[in-house]
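Participant: Chain residues, written in single-letter form:
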Amino acid sequence: MKIDSTQRSSAEPLHGATKPLPEADDAARAVRDAYIATRFAGVARCGEDLAETERVIRAARLYFEDSQPAMATELLDIAIALHPGREEPWLARLELAFLARNAADFRGLAHAFKHFHRASSAWKEVARLGYALSPDDPAFAAAADSQSSRYGPWPDTPNWIQATWDLTSEVRGAEFHNAMLRRATAASLPQVARAA
Amino acid sequence: MNTNANVSSNTVPTPAFRREFDDAVRALREKILTLDCRLAIERFIALSDELKVRTVPVRKQLLETRLDWTDDERALGRWMHSANQRMGNLGRRLVTVATKKMEEADETVVNVMARSLQHIGNGIKAELADGPVSGRDYRELHALMRLAISLDCAKVKLTLSVQGTPMSVSIEALYFRAMLLARFANGAISMPQIEILDWWIWQWREVLQSVTQPRGANCLRVDLESSGGLRLGPRTDGLPALYLPVEPIVEAHRWIVADFHAGRQDRSASPAAALPVAEHVAVLEVLRNGLSRGEQGIGTRDPRRPSDSRVEVLVDLPEIMAKGFATPGASSNSLLAIEGGAQRHERHTAIGGVYEQSKRMLQLCDESDTGFGLEGSAESCRSIAIGTLVGIRPSPSQPLQICRVMRRLAGGDTGRVTLGVRRISSAAQLLPVTSESSRASSATLLFVPGEDSSGSQDGFLVADSLLRERTKFESRLDDGVYAFRFNRVRQKGRGWSLAGIEIVSVRDRPSPHGSLRA
Chain A
42 MKIDSTQRSS AEPLHGATKP LPEADDAARA VRDAYIATRF AGVARCGEDL
92 AETERVIRAA RLYFEDSQPA MATELLDIAI ALHPGREEPW LARLELAFLA
142 RNAADFRGLA HAFKHFHRAS SAWKEVARLG YALSPDDPAF AAAADSQSSR
192 YGPWPDTPNW IQATWDLTSE VRGAEFHNAM LRRATAASLP QVARAA
Chain B
13 MNTNANVSSN TVPTPAFRRE FDDAVRALRE KILTLDCRLA IERFIALSDE
63 LKVRTVPVRK QLLETRLDWT DDERALGRWM HSANQRMGNL GRRLVTVATK
113 KMEEADETVV NVMARSLQHI GNGIKAELAD GPVSGRDYRE LHALMRLAIS
163 LDCAKVKLTL SVQGTPMSVS IEALYFRAML LARFANGAIS MPQIEILDWW
213 IWQWREVLQS VTQPRGANCL RVDLESSGGL RLGPRTDGLP ALYLPVEPIV
263 EAHRWIVADF HAGRQDRSAS PAAALPVAEH VAVLEVLRNG LSRGEQGIGT
313 RDPRRPSDSR VEVLVDLPEI MAKGFATPGA SSNSLLAIEG GAQRHERHTA
363 IGGVYEQSKR MLQLCDESDT GFGLEGSAES CRSIAIGTLV GIRPSPSQPL
413 QICRVMRRLA GGDTGRVTLG VRRISSAAQL LPVTSESSRA SSATLLFVPG
463 EDSSGSQDGF LVADSLLRER TKFESRLDDG VYAFRFNRVR QKGRGWSLAG
513 IEIVSVRDRP SPHGSLRA
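Read top to bottom, the protein sequences are chains A and B.
By the working numbering, the letter at position 56 of the first sequence is numbered 97, and the numbering carries on one by one without gaps.
By the working numbering, the letter at position 13 of the second sequence is numbered 25, and the numbering carries on one by one without gaps.
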């Protein structure tokens with residue numbers, strides 16, 4: 042879904058990185074796709090691939106966990122710009138901004154999110170996180186009441202970046218790692234024996 | 013110098029033309045003190061125009077050459093470097109003399125100053141053709157900038173021809189352009205990439221403005237009385253310095269990224285703009301790293317331990333996989349990549365060819381905890397470029413070290429090439445797998461364990477082509493059959509990627525009695 046840029050309100054400046062992109066002609070699409078395929082190799086081959094929300098968010102989370110936050114945010118930014126009608130990348134991007142404690146980034150994103158997803162049921166949660174980072178921002182003022190009932194410096198975070206509670210995959214990863222180590226050790230023993 | 017009317021300016025300058033040009037520069041330099049200033053400036057500008065026009069086809073040829081340069085091309089690159097350097101030096105002398113002789117420095121002097129800075133910048137770009145620059149001396153550049161400040165014309169703008177396009181630019185922007193190019197032209201960037209960087213710097217010329225006080229910790233600094241280049245962070249000894257704020261450059265970087273997101277790229281704007289998008293992405297990464305380092309302070313280099321031995325170097329993933337893990341007497345069954353049955357015979361023949369190749373022996377000069385310094389002849393390093401994957405075995409008792417080439421510097425007349433490589437892994441191993449996309453086909457992948465025991469940093473070194481398919485692979489290990497997929501690229505080079513994985517499933521777990529289920 043593409044949102045017409047005329048829907049924007051001049052009173053609500055949009056976050057720079059998440060402006061919907063205009064419809065591209067073939068040449069522009071080719072340039073963009075080549076960029077996406079190079080920059081996000083293994084994740085996406087073209088702009089259309091960025092519509093696969095779950096895959097994109099998972100990749101962004103992994104980049105973030107790999108200490109590549111710039112890759113994570115850029116991937117979500119371009120996914121949002123190309124498919125602004127999908128809520129999930131917005132929310133994942135907001136959560137990354139929150140985790141980075143980047144108040145200015147979060148505010149800009151939150152305002153843009155509200156602009157494009159006025160009816161979103163997630164807004165209450167966005168405002169709650171926003172209030173924790175920017176308590177003076179009137180857009181998050183409604184969340185003040187919910188904060189008072191919480192204990193601790195930061196609110197609980199949602200799981201918009203799809204961090205899995207089910208650790209099966211992580212356990213499998215560790216098992217694979219260990220199995221490969223055992224394999225390497227087993228392979229090196231005959232060599233050691235030959236060398237001796 | 014009289015332009016030879018018989019030679020088109022679209023053609024690469026001949027050796028005779030190059031000699032004639034060099035002689036003309038030398039002659040003007042010798043007469044600079046005695047010649048009338050106006051006449052000297054006139055001749056300098058004519059030479060400057062000539063050089064700019066005649067180096068356009070040289071750059072075009074060097075950029076279009078995908079293979080290693082020929083000796084002729086190398087000579088052209090060296091001439092482009094030295095001619096620009098000499099013009100920069102001549103211009104600086106001319107400005108110095110003119111400001112002393114003339115009552116007041118007029119716009120022609122400022123023009124000479126601007127052209128000198130432009131030539132020095134152009135020379136720095138061409139440095140890559142002329143080998144490693146050990147201890148580059150920035151005094152020429154600083155002297156010009158000091159002159160500009162003393163004449164109060166550092167922020168004066170004038171119009172210069174840049175790759176045939178007139179551009180309005182200030183003296184200080186030309187100075188910072190040269191300084192930025194010097195910062196990045198250190199062997200970690202290829203000739204096409206530095207052309208892209210230069211093209212971008214021309215677009216950013218409006219933000220290359222000096223300030224006398226640092227704006228935050230993230231700033232670039234020049235100490236004008238020194239012989240050093242751009243440094244990171246504020247000056248701490250209390251002496252004056254010129255600062256280049258980084259934030260406007262970071263913002264300009266964001267705009268380039270935004271343009272790629274929108275697919276906005278005028279590929280006809282310049283030869284650099286027409287280069288492949290992958291080269292642009294590589295330069296964006298170099299810039300991102302170079303600029304973000306400013307936030308973290310000056311990076312330190314790992315201590316290097318001198319070494320003096322000859323080592324075999326395997327180049328590119330197929331050769332590393334074919335030869336790097338072969339045990340004596342083993343057949344060439346180590347497959348190179350995903351392959352179907354029909355391809356197998358041909359591929360084995362190709363592997364046989366690889367085995368017949370003579371060994372590529374390079375000198376191991378030093379090593380550190382993170383990598384190696386190597387040196388070799390131009391011939392033996394012909395197929396090695398920045399981003400190439402190499403395999404090195406420093407000694408027979410050590411495991412194969414898989415590394416990425418970070419720097420490559422051609423040694424000019426010496427014909428030697430210096431390489432700096434960073435270790436990716438010393439514990440890689442081949443793993444036979446089957447792929448889901450082509451049933452019953454087997455392949456071998458190169459596994460690279462991560463530092464983390466959780467396995468979250470494990471990955472495989474694979475050919476880029478493999479990532480275009482979203483294939484699921486399976487491999488039998490001692491505790492089951494693991495199915496996995498690639499889920500992102502953690503590192504990338506020329507034709508290869510270090511791809512992260514996710515384990516999709518594990519089946520055929522051992523029974524409690526210790527045997528695998530069928």
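Hints in this document: simulated from the structure, not taken from any laboratory.
From the three backbone atoms N, C-alpha and C, an ideal C-beta is built for every residue, glycine too.
Careful, some of the hints might be misleading.
Simulated coverage check for chain A against chain B, where a stretch passes if three residues somewhere in it have a Cβ under 8 Å from a Cβ of chain B [unchecked claim]: (1) 141-155; (2) 172-183.
Computed footprint of chain B on chain A, listed as stretches where at least three residues anywhere in the stretch have a Cβ under 8 Å from a Cβ of chain B [unchecked claim]: (3) 124-138; (4) 209-222.
Using C-beta positions, here's what the derived DEER-type ranges look like [unchecked claim]: (5) A:Ala183 to B:Met179: 34 to 42 Å; (6) A:Ala111 to B:Leu51: 49 to 57 Å; (7) B:Gly240 to A:Leu208: 49 to 57 Å.
Participant: Work down the list of hints and note, for each, if the structure agrees.
Facilitator: Taking the hints in turn, this is what the structure says about them:
| no. | hint | verdict |
| --- | --- | --- |
| 1 | 141-155 | violated (count 0) |
| 2 | 172-183 | violated (count 0) |
| 3 | 124-138 | violated (count 0) |
| 4 | 209-222 | holds (count 12) |
| 5 | A:Ala183 to B:Met179: 34 to 42 Å | 52 Å, violated |
| 6 | A:Ala111 to B:Leu51: 49 to 57 Å | 54 Å, holds |
| 7 | B:Gly240 to A:Leu208: 49 to 57 Å | 52 Å, holds |
When held up to the earlier numbered hints, the structure conflicts with 1, 2, 3 and 5 and fits the remainder.
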